[in-house]
Each structure stands twice: as C-alpha cells, then as structure tokens.
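Peer 1: Sequences and hints are given; from them, build the entire structure.
If you read the sequences in order, they're chains A and B.
Offset between the first sequence (1-based) and the working numbering: plus 17.
Offset between the second sequence (1-based) and the working numbering: plus 1.
Please note that the accuracy of each hint is not assured.
To be verified - Quick partial rundown of chain B residues pointing at chain A, CB under 7 Å, derived from the structure:
id, residue
1, Met230
2, Glu253
3, Glu323
4, Gly456
Claimed, not checked - Cross-link-like lysine to aspartate or glutamate pairs, in silico, EDC-like; alpha carbons within 16 Å at most:
id, chain 1, residue 1, chain 2, residue 2
5, B, Lys278, A, Glu334
6, B, Lys419, A, Asp347
7, A, Lys337, B, Glu281
These are calculated hints, taken from the structure and not from any lab test.
We treat Cβ as the ideally placed atom computed from N, Cα and C, and that holds for glycine.
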Amino acid sequence: MAIEHSPVQLTKADFTSDQMVKWCPGCGDHAILASVLGIFPEIGYKKENFCVVSGIGCSSRFPYYVNTYGFHGIHGRAAAIATGVKIANPHLSVWINSGDGDATAIGGNHFIHVIRRNMDVNYILFNNRIYGLTKGQYSPTTKQGQVTKTSPFGVIDYPFNPGELVIGSRGTFFARAIDNSPKTLGEVCRAMAAHDGAAIVEVLQNCVIFNDKTHAEVTDRELKEERQLWLEQGKPMIFGKNKDKGLILKGNHLEVVEIGKDGITEADILVHDATRENTGVHMMLAQLCPPEFPMAFGVIRAVKQPTYNQLFEQQMEEVKATSKIKCMDDLLNSGETWEIK
Amino acid sequence: MTTKTLIEKENVVVRFVGDSGDGMQLTGTLFSDTSALDGNDIATFPDYPAEIRAPHNTVAGVSGFQVHIGKRIYNSGDKCDVLVAMNPASLISNLKWVKIGGVIIVDADTFTDDALKKAGYPSNPLNDDSLSSYILIKAPITSMTAEAVKEIFTDKKSAERSRNMFALGMLFFIYSKELDHTDSYLEKKFKKNPDVVRANKAVVRAGYNYCENTDVLPQHKVHVKQAQMPKGTYRNITGNIATAWGLLAAAEKAKLPLFLGSYPITPATDILIELSKHKELGARVFQAEDEIAGICSAIGASFAGAMACTSTSGPGLSLKSEAIGLAVMTELPLVIVDVQRGGPSTGLPTKTEQSDLYQALFGRNGEAPCIVIAASTSANSFYFAYEAARLSLEHMTPTILLTDGYLGNGSQLFRIPKMAELPTITPPLAKPNDETYQPYKRDPETLVRQWAIPGMEGLRHRIGGLEKSDGKGNVSTDSANHQLMVNYRAEKVQRVANHIPDQEVLGDKDADLLVVGWGGTEGALKLAVEELREEGKKIAFTQFNYIMPLPKNTGSIMNRYKKIVVCELNMGQFVNYLRMNFQTIAFQQYNKTQGLPFEVSELKEKFNQILGE
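Peer 2: Here is the structure:
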C-alpha cells in the first residue's frame, strides 16, 4: 500500500513531542523512543501519515512522546485498534507499542491474530518481564521461580517466549533487539519498517525499578559477547569475543561449536536465511537461551507474503469492478421489489 | 369437485412448522412474498431452534415461520388461523399458538408410532378427540408429494424434499393466491437443475388441486383484504438487513467509508453477513477475533476517519463495555448495534427480549453517557440505523442502537426511499492546517469537538482513554478539569435533544390511559390501542425511539395523563428510567420475560383492567 512521502527531508525534531517524558530515569524505554525518533524521518513518509497506537502500561505512554497522530487505547487492545486504523486507511504507517503484559497477557488474543492475518503494522514489544505500571507483579514472560509482589514464593507459571508466539502464529517478521544497543535497535526498526506485513520486534528492556538486570545474563558487559548472537542475512551464525564460536545444525537441533576445534571451519557454520518460509530454524533460533546457547538477535525471520491489507484492497477493487450495484439507490432497488400505485 | 364459497377477511395469521430441515422458512417466505405482491401488508417472524439440526422428529428440532397478512399489519400476529404442521413434534409444540376453531393442516403420513413417541404423544391426536376444537385436515402430504413427482424422482428422499411445496399449494388455494411468483422463484433458484424446478412446480399444483378437488375444506376459500399503503416501490425486509442498509446509506450520505468490526453472535450475525456482501459500496468489514476486537477495531477505524460500527447482542455488549467508555472519552463517532436477546449470560440466544436497556444506559465504568436510540419495527430499523449514524457522527459521541431478535429476524414491507430524500449528515471535520485546532475545543452550542483525521496536514494530535485537559486534550489529572469534562460529556449528550424530533402521541389528549412502550414492541402495542379505541375506549399511545436523551416534550406528555402504563419485554428497565427522570409521576408497568413478543390479546386485557380500576 503506497504511503505518501514527505516532500521535504524531515528530522528528529519534527517528531519530538512537546510532552514531558515521564518514564523513570534509566528506564530502557528512553532508548527505544530515541531509536524510533531517529528512524521516522529516515523512513521518509509525510509526518501526518504516521499513526502510533498503544494499549496500557509504561510502554504504552509512547504515543504521547512522538509528534504524530497517536492513540492511547485500553489494556491489551492496541493491536485491535491498530487493525481498525490500518483497514480504514491503508495509506497510514501504523506503529504499535506494547509491553509483555499488554501483548501477551490481556492482549494475547489480539497479538496472535494481528500476526496471523499479516496485518501491515509495526509492533514493538517492550519485554521487561514484569508489570511495571502496577508496580511489580509477574507477567507471562517472568522467569519461573522469580519472586515478585504476586509470587512471594516464586513464580510457578511457565513463561512465554514472544518469538515462539510470533512464529507459531504464522508470523512473517520477527526480530529481537536490546534497549541499551541503539545502533542495533535502529537497524532492527529499519528492517521492521521495510517489511510489508505484521512486523514484530521484541526489545529486551530493563525496568530499573521493579526488575532491574532481568536480562543481565545476556546484556551484562562481561558476558554479552559470548551470550549474544547477532544474525545477519546470508552470514554464518558466529559469535563470541574472538568470533570463534558458531552454530551448526546437527540432526534436528542446533549445536554450539568452536571454529578451529575438531576440524570445524567457518564453512561448517550455519548461514542465516531469514527469508525461508520454513519456520524450523527460525523457531530454534528464537528459542536459544543461555547458558547453553547464546540468545539470537537481529532479524530472525522476514518472509514475504501478501498482507491482509493488500488482499483486502485487491478484493474490494475486483468486486467494485464487476458489481452492477454502484450506489445505495441501486442496492435499495435490487432484487424483488414492486410498485404500489 | 365441490364449489367453495369465498369469504373475506381483514387479516389472517398462518404458521408453518416442521422439522429443521423441512423448509418451513422458505415456505413461509414464499407465502408472504406472494401475499405482498397480491396487495396485502405483511409481517413475518421465524421461530427457529438454537440447535442447527436437532434429532429428527423431536420437539428440539422444530422450526417455524409465522406470517401475518392483511389490511392493517403491525406485527407478526398473536395466535394463528392456520397451522401447517409437518410432523407430530411440530404439532405438539405449536398447538398452543392456534386459535380455537382454527385450521390445522398436518402431514398425516408422518404420524407414525415412532414419530408420535419421539414427540411425546401418548396416543395419536389425529384419531382421538383431542383436536376436536379445531378444524383438522389430515392430508397425506408425503405420499401425495411422492405421487406428484413419480415421473421425475423415483427415490424416496428426492421426492420427499418437496413436501413443503404441497403445503404451500394448499395455502395458495385457501387464500386464493396465484402461483406465478413461486414458479419464477423456483426457476431462478434451481436454474441449474430443471428436474427440481419441474418437481416443485408439480407439487405446488398437487397441493392446490388437492384442496380444489376434495371437500377437505368445504367452506374455506378466503380473500384477504388488500392494504391501503402509500404509493411507492416496496420490498420485504428483515430488521437486520434494514439495519445494515441504514448504516450503508448513512456512510454514503456522510461521504465516509463504512467500517464494521464485528464477531458473529445470534441474533445479530445477519448484519455482519449482509455488510460483508457490500464491498462494491466500499463497506470495509472486518470479522474480528472476538467482541472486544470488533469494537476496538471500530474505534481505531473511527480515529482514522471511517464511519465506524460494531454489531452484537447482549453478552457481546457486556464484553464491549470498556471500549465503549474509550469511545466516550475520546469523543469519537461509533455506532454500536445491539440486537437484544433473552439474558442474562447466554440466556435465550434465539428468543427476543428488551434485555439491555440498563446496560446501554449505564453499563460502563465512570460517568459515561452515550446516545441511545431504538428501532421499533423491522422496516424502521433502516431509519434508526441511519439516525444512529447521523447523531453519532454529528455529535462525536458513541451511539447505541437497540433492536431485538423479533425485529431483526422478522420482516415487513418497506417502502424504498430515495437517497436524496434522506437527511444530510455533516460530521464536524477539522480543516487541515487550521492553526487554532485543538482536539478538545468544543462548538459552544453543541459542545461537539472537531474530528481531525490522520493524514490531514497540520493537525497531528494524541488522544486516548486517560482524562483530557479541556481544549488541548493533553493528559490531565487535575480535579477541576475532570469535573468540567464530566459535565461537558453529559451536557453534550443532553443537547442532542435539540436535534431530534418531538415525541408523538396517538389518541386523545384527554385519554384515561396512556400506553407507553419503547423499541420493538410497537406493533402489538399500537394494534391493541387502536382496537380499544375502535371499541370506544379513551386510550392513547406513545412509543419511544429516542431514549438517551429523551425528546424534549416527554415531560409534558407524561404530565398530561391520569394513568400511564409502561409495557416492556423485561422487568421494568424503561419504566425505572422514566421514574428517575420524572419523579412525581406514578407509572404503572406491564412486563413479560418469556422470550416472546407481546400478544395483542394480553395487552388489551391488561389495558381494560387498568381502565376499569
């Protein structure tokens, strides 16, 4: 769906709102906001053609801080509201901001269906594994065993992995990024914007107040090079401080190997292909987690498939072209009617 | 052959009942359409089970269709003059709907021991004296149908499929109707299967001739009086289709795309089905994953500039409550159609009830006034759907349109309007690059805010469910501002009263009793009052379509009458709303919650009783 571009080059200032940003100091949300404000002018659409939609939670205050058309909805419903925006006006670039509670608990149904339909929206899921705005209850992504206000003896729920949900819901795009890595966050957002269809980015976001360091096992300065696998299209899946570790496909599962050990060379390492329709490797990548594996970041899956909105417009054009009914008067007088004189 | 005498009647009620698969809905529709073409006014009502195909020959599987035809038709009729029962189960479950002395036509072939047992008959009612207060016609419909098509179909199953047409043929004879409409319907419907057309035509004629050639009906050949209807082009329409078309018409008039976000629910699904057909008119229909997504997508579409609607029934309205509050807060236009059914909970999905007035008026957190209006006939559902859209768009307020299962599934004659005759709809669109634009700046007279649509230049803004500051619309928790905004939202809805017609009253200003109704009960109430007036009673009648706000003259009407009775198919939701608004007036009430419409006879009895007190 063609979206009108701005005749002039826009800057970050064009999208910065006049509202005071009220997130806690040190919150990962600030970095995500900065990335988005950096990306919007680059995308190049007219500033009136962006529409940012959210639900409820810390992340959902996002629309107030971006100077676009924005809609702050109700808990869990951002995907449904955004769906209506996009169907009503396919010439808008629609962005959703949501958290782990908003997207995968109260809004779980809308989350899976906006993905299943391949609705043409960009969805940033801020995953801090906690309910922040209600001050520290566990969420569907909180680790098992964690003590929170509503799990004083430890969480017994099994957590969701958002990547599995996205791919399991027939997602065409899934990427993962980290709040404290603006460069990679920007790249991922750029890839998301370029994707036609439901594009989901999970951002590992730190809640300094209620769940500080929840992602430390992958984001910690000391550990990150061993624990982060940054995927690049067409490149071997290599990671580690000395770029000497990689993934191979052994039988039906992934395995970590060392390059130069046991005769392994770079040529043996699995090459990333986000565009494969088959979900097998993408699902395995989404599932990787320490300590046995690094966690996968970057664009894990980006598959081309007609969007709901393209199919919708196409069907409407076809019906309009062939129907004899052109206006309401035609419809009112169609079928069985008779005159009373 | 015996000569039949022709008698004339003002109106008659015919009820077709049989097993779910017996084609009773089609039979009834063909009978009512034929009557309409013959100049009768008509109203129909289907009575179908919640189960799709319950076990054969059981009461649970009985499906019915009632047709009321004649000179003055306001509803689908109380008890019937003729019952056509295609099996024992349909007879046992529908006998209560037959007038004493009425005609019962049964397919005698189906009254086997097994079917009688399944229906719960201890003995065969065709042979004992239990039906002696009726005129019983024991027609061997199955065997005569098979005989009529023996040249075309030899297998029993194909042959029996046309049984309903035999019954239809009998009715056409009794009520002196022509067969051409049915012929052309069959030709069109089964274009690809000429044998089926031939068979069905032969069976209709077999039924017709059976009555003509035998003396099963010595005195009954009836001419039903024609209606005196205003000139124009007419069609038959159900309330649900009329609602869908009213919404389409409003979108065209307002020059906005129609968006419907909806989830299937009985008895509202037909609105979703109908609008799904009209992509050619630009209807953007989204079948959502649930009721909440239905309304939330509509709110998103409204924000994006569509004429947005959602359709549902009682339990679905409950699920939508929070989102309606969001639409109240964001002051976006949104039409919520609630085709009411028996509640609470899943309740009686296929039965009618005026169940949701409280929910529509009060069912939200906070002070969350909506506009509430109700259609009162199947046909005027078109105009009230249109009106719901007009008020919602022009006043930037969610509007709940209440219809019900009786209106939605029932049908009536509808005089087709010309689009040019319908009132204009002018939504308060903001002007691009208007530097004075503020999302919550209000028109001083109507208190309506302007609608700036994403894509419009120079009007970027953010709205949402948090309280908004007056004018600018920024998030505000200021206490004085909250009070002001609560007042604005309430007053904005009250001022809609300046834009709706006055309430009308039928009957004398000095009547002894005013009968009050709202929504889908209009037909029965009006007929009851008219009949009592013809009997010389001093009785007046008023039916409410505009509920929130009430028409401005409501108070003066209520103060005019000594006695007022408010009749509703619930336990008194409207009467209590009136009591809330007019605290000095003593309202009486008449209520019923049986999943059924009012009968004219019960109403007349009640009104006579009040008049006599």
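Peer 1: Each hint: holds or not?
Peer 2: Now the hints, each set against the structure:
Interface restraint check: B/Met230 against chain A, minimum CB-CB distance 5 Å, threshold 7 Å, status holds. Checking B/Glu253 against chain A: minimum C-beta separation of about 5 Å stays under 7 Å; hint holds. Interface hint at B/Glu323: satisfied, since its Cβ lies 6 Å from the closest Cβ of chain A, which is below the 7 Å cut-off. Interface restraint check for B/Gly456: the shortest CB-CB distance to chain A comes to about 6 Å, inside 7 Å, so the restraint holds.
The straight-line distance between the Cα atoms of B/Lys278 and A/Glu334 is roughly 14 Å, inside the 16 Å bound, and the hint therefore holds. For the suggested pair B/Lys419 and A/Asp347, the alpha carbons sit about 10 Å apart, so the restraint of at most 16 Å is met. A distance of roughly 4 Å separates the Cα atoms of A/Lys337 and B/Glu281; the hinted pair therefore holds under the 16 Å criterion.
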